[in-house]
Structures are given as structure tokens and as C-alpha cells.
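Just need the whole structure built from these sequences, with the hints factored in.
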Amino acid sequence: MSVSRKAAIAGIFEHPTRNAPDKTALQLQAECVLGALADAGIDKKEVDGLFAPAGGEEPWISLCDYLNITPHYADTTTIAGPTSQHLAHHAVAAIAAGLVSVAVVVQASKSRSGEGGGGRQRISPVPGSFQDIYGPAGIGVYAMSATRHMYEFGTTHEQLAEIAVAARKHATNNPDALRREPITVEDVMNSRWIQWPLHALDCCLVTDAAGAVVIVSAERARDLRSKPAWILGTATAPAHTSGGWRDITTTAAAKSAPVAYKMAGVKPSDITMAMIADHYSSAVLLQLEDAGFCAKGEGGPFVEGGRIQIGGQLPVNTDGGGLSSAHAGFRGMQNMIEGTRQLRGISYNQVNDVELVLCQEAGGGGYGVRHTAATTILGA
Amino acid sequence: MAEYVKPLPTINAETAPYWEAAKQHKLVIQKCKKCWNLQHFPRAICGECGNMEFDWVQSSGKGEVYSLTRVYVNRAPGWVDEVPYVFAIIQLNEGIHMISNVVGTPAEEVVIGTPVEVIFEDVTPEITIPKFKVAK
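Top line first, the protein sequences correspond to chains L and H.
Following my numbering from start to finish, the first sequence increments by one per residue and tops out at 380.
Following my numbering from start to finish, the second sequence increments by one per residue and tops out at 1136.
Simulated from the structure, these hints should not be mistaken for lab results.
The beta-carbon is built from N, C-alpha and C at its ideal position, and this holds for glycine as well.
Don't take every hint at face value.
Some residues of chain H that are not near chain L, with every Cβ distance over 10 Å (derived) [claimed, not checked]:
#1 1021
#2 1024
#3 1025
#4 1034
#5 1053
#6 1057
#7 1060
#8 1061
#9 1106
#10 1115
#11 1117
#12 1119
#13 1120
#14 1125
#15 1133
#16 1135
Here are the simulated distance ranges between beta carbons [as the list claims (entries may be wrong)]:
#17 79(L) <-> 1017(H): 30 to 40 Å
#18 1025(H) <-> 158(L): 36 to 46 Å
#19 1052(H) <-> 223(L): 52 to 62 Å
#20 1076(H) <-> 295(L): 37 to 47 Å
#21 16(L) <-> 1048(H): 16 to 26 Å
#22 1013(H) <-> 6(L): 38 to 48 Å
For the chain H half of the interface with chain L, some residues (derived, Cβ under 7 Å), not all of them [as the list claims (entries may be wrong)]:
#23 1039
#24 1099
#25 1101
Next up, the structure:
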């Protein structure tokens, strides 16, 4: 299939400045996005694909927050000089595939005026100067979403602990997992506070981790060594401060999961097992709700009684997760790898008759402020 | 005064009115001149309509804790002596959320719904940071 003539440039904006010491790159990007949309005569609400190079604090999501937009396709691929054309190349591919209809590619760089330096840790004028000066200490913004969930829905510390217990149970069978000694709910409750309401055992490990996946066309998949794990649905979505008020008990997964389910033509009750990014126990609970496995607020009862353990109704993180196996700031890679193992029948905690796997990763800046989610549905 | 070793905000043109007001012990919220939308954190562009001109309206400074965490582990200078401390989202009476610390009360006593009011910490001769204390 040729992508020629599948997409066209509809709006353009070149920023008139050649020296902008008073503006951040983020602001310059935002002005250019709005300028190009104005030139195209398209409202920013229609933007469903944002292509912005990596760099600076919280790339991509910061720009979504600053502009108050919610695209569902993200790309920050950065390859030096040709970056913008390369991102345009990706935009064409996304449009040709029917995943995006209005893409914005943006780039801004302050090579002349610079973006600061100096010995003391430099906080960004926006958004850092309105949060990092108050000492979030890494997980503060995640912890706040757990606090609010407990307040609104009565979720308990014990229910959060069940998630950590389930991950550790799975890790006992994974020879590569970092922590393999079984733990109980009581062990979790007795571990020290890191950032209340999260105990030490509610928090993911800090390990090295790496992985890669090869993704091929359907035609190439006809002749493979192993059973392919078909990608049936895929989506990305942001969540942010929305200009000053957001329900922090809902993650961006509430936006990415429905898109992925629709693409795959399946519903939550069709899913056999789930890989859900467990940066914290509370992260799993919120994402289970947002992925439609139970109603908002019912995540606490849902994780009780072994429901998310091997042998339960919806096994979660059968490799031991970030809570017990591996966590180096991401879980999406392990999600796809363990999801594929389950479909191939080679997991250390193999679920019977795996048909559909949901891979869900919501993370980044933190659920209390801004983050991105991605949902990938794999099938036999 | 003792040197302030915690991170300082970086002030630029788009946020300068906020920090200028803080130095005068006023908490201000950006209000779009075109569509009257209130927004926080401040930025050069209105998140609703894209306009770039603003009024800066003074907040009552009163609100309540919308959510919080009590930070028990933070080894960074300036913070290490204060754990546990409160890192919170404050809901101002104007309806806007902002992130801040709640100070002056033991962390264990601060909960969702605790009423708070703004105070101003003059951390350097140039910079004042809004924080909150429990309201009586």
C-alpha cells in the first residue's frame, strides 16, 4: 500500500522570533501549534495526533497540558536535524493507517537564548515552579491519587496490599525476579511509610531493566518460529491538570482503553489476563477500574479474594510485576513480553486457554498531576 | 536569614505577575481577558480560547485540602529535616486546584477536607513562595 497522497499539510506557522530569552521552548511550541491550527482553520479540539520531539521535562505531556488538548496519538521520536520531517513521516503513516486525522508536528529550540543552567538544580518556569518547589519526592503525585481514592470510595490499605501480595506470589515462580520471598498483607502493612498512604511494599522496586520486541506485518507473520501475538488494539492518551481541576482518581487509561477495545472489537469481560503497570499498588487498582474490569470505586473489593492471582478470575502481572520482578521507570516493555509469553504458553505462571491479553501502562509525571497511558490488546 | 536550600522557582515573563504578587503577599489566579477562564498553573496562553492577555485576580487564599501525601522519605537537603511533611493539592474556594505544602501542623493531622489559608514564605530577598496553613 502506498502512503502517497494519503495526507496533506493544511496549516503552517513559522514563529517570527530569532531570539526569545523571555520565552521557554514549551511556550514557543504552544504558540506555533496554535498558529498553525489558525492557519489551517482547524480547532485545537480536533487534534488527535501530537508529534513533538523529546527533550525538556516531561516531553509531550507537558505540551498537552500547556495547551489543554487531549490527542490520542503520541510521537516524540528525535533524530537531530531531520526530526520534524521524520515526525511528519510518522504522521503520514498514522494517518494512512486511519489512527489519526489531524496531526500537528512541532519543534522549538532555544539555541541562541538557551534554557538555563547553573549549579543549582534548575526548575522549569512552567510547570516545575508550581510543583517541584514543594517537594514531591518522586512519588508524591502518585500517592495523592491513592489518598483521594480511599477518601471517595473507602478503599483500604489492606486492599492495596493484596496487589503487592499477588505480584510477589507470581514472582516466586520467576527465576529472574528480584524479590521472590512470599509476603502477606500483614507484611505490607508493617513495612514503613514511604509517602502515606503508600507503604514501602506498595512501591515498585528500583532495578535495571531492558527489553525489545519485534513487530512484523501480517504477511511476514505467516512464517515465524513461534506463535505470533497479534496486536488487535492499540491506543495512547494523556491526562493533565486541564487548566486547574482534574479528578485524580481516574487515569488516562480511562481514555486509551476504550479506544483499544473498540479497535479490537472486544470488551473487558473477553480479556483472559492483564499486564498492568504497577509503579505502585494503587496504580494497578485505578487502572483496573479505568480498563473496565470493574466500576470506578470498586477496585478495592475487586482485588480481594485472590481474583488477580494465578488461578483467579483475572490474573494480573504474572511475571511478578514492577512490585516484585523488575522496574526501571517503565513497564510497557515487560507488559508486551509477558503478554506474548502467555499467548505462547511459556509463562512461569501460565494461565489456561489464553485468548486475549490487555497490556496497560499509565505513568509519567504522576497520576495527581499529569501522565500518559497506553493500552495494547494482544490476541491469539 | 538562613540560606534556603530547597528548589527555587524559575521566574520568566509568562509567570512573572504571579511571583510579583506573591512577593507582595498576594495569591493571584490568571483570568483570561477574552473568555474569563481561570487557570493554574499560569502560562502565556489561555487553555480555553488561546488568547494571550490576562488579568491576575486576587484569590481569597482560602480553600481546603483536596488530596495529600505525607512524605516520610526525602533525603534532599532542606527536606530531610522536615519529614514527614505534607505535599498537597489545595482546592481554592475559587474552584482552582494548586499544589503546595501545608505547614505548621503535624502531618498526621492534615487530611482531605482540612480547611486551609495561604501564607507567604519570603525565602530569598527576591522570591516569596505561597504555602498554606490549617485555618482555624
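Hint check results:
no.	hint	in the structure
1	1021	holds, 14 Å
2	1024	holds, 18 Å
3	1025	holds, 17 Å
4	1034	holds, 14 Å
5	1053	holds, 14 Å
6	1057	holds, 13 Å
7	1060	holds, 15 Å
8	1061	holds, 16 Å
9	1106	holds, 12 Å
10	1115	holds, 15 Å
11	1117	holds, 17 Å
12	1119	holds, 13 Å
13	1120	holds, 13 Å
14	1125	holds, 16 Å
15	1133	holds, 14 Å
16	1135	holds, 19 Å
17	79(L) <-> 1017(H): 30 to 40 Å	holds, 39 Å
18	1025(H) <-> 158(L): 36 to 46 Å	holds, 44 Å
19	1052(H) <-> 223(L): 52 to 62 Å	holds, 57 Å
20	1076(H) <-> 295(L): 37 to 47 Å	holds, 39 Å
21	16(L) <-> 1048(H): 16 to 26 Å	holds, 25 Å
22	1013(H) <-> 6(L): 38 to 48 Å	holds, 41 Å
23	1039	holds, 4 Å
24	1099	holds, 5 Å
25	1101	holds, 5 Å
Checked against the numbered hints given earlier, the structure satisfies every one of them.
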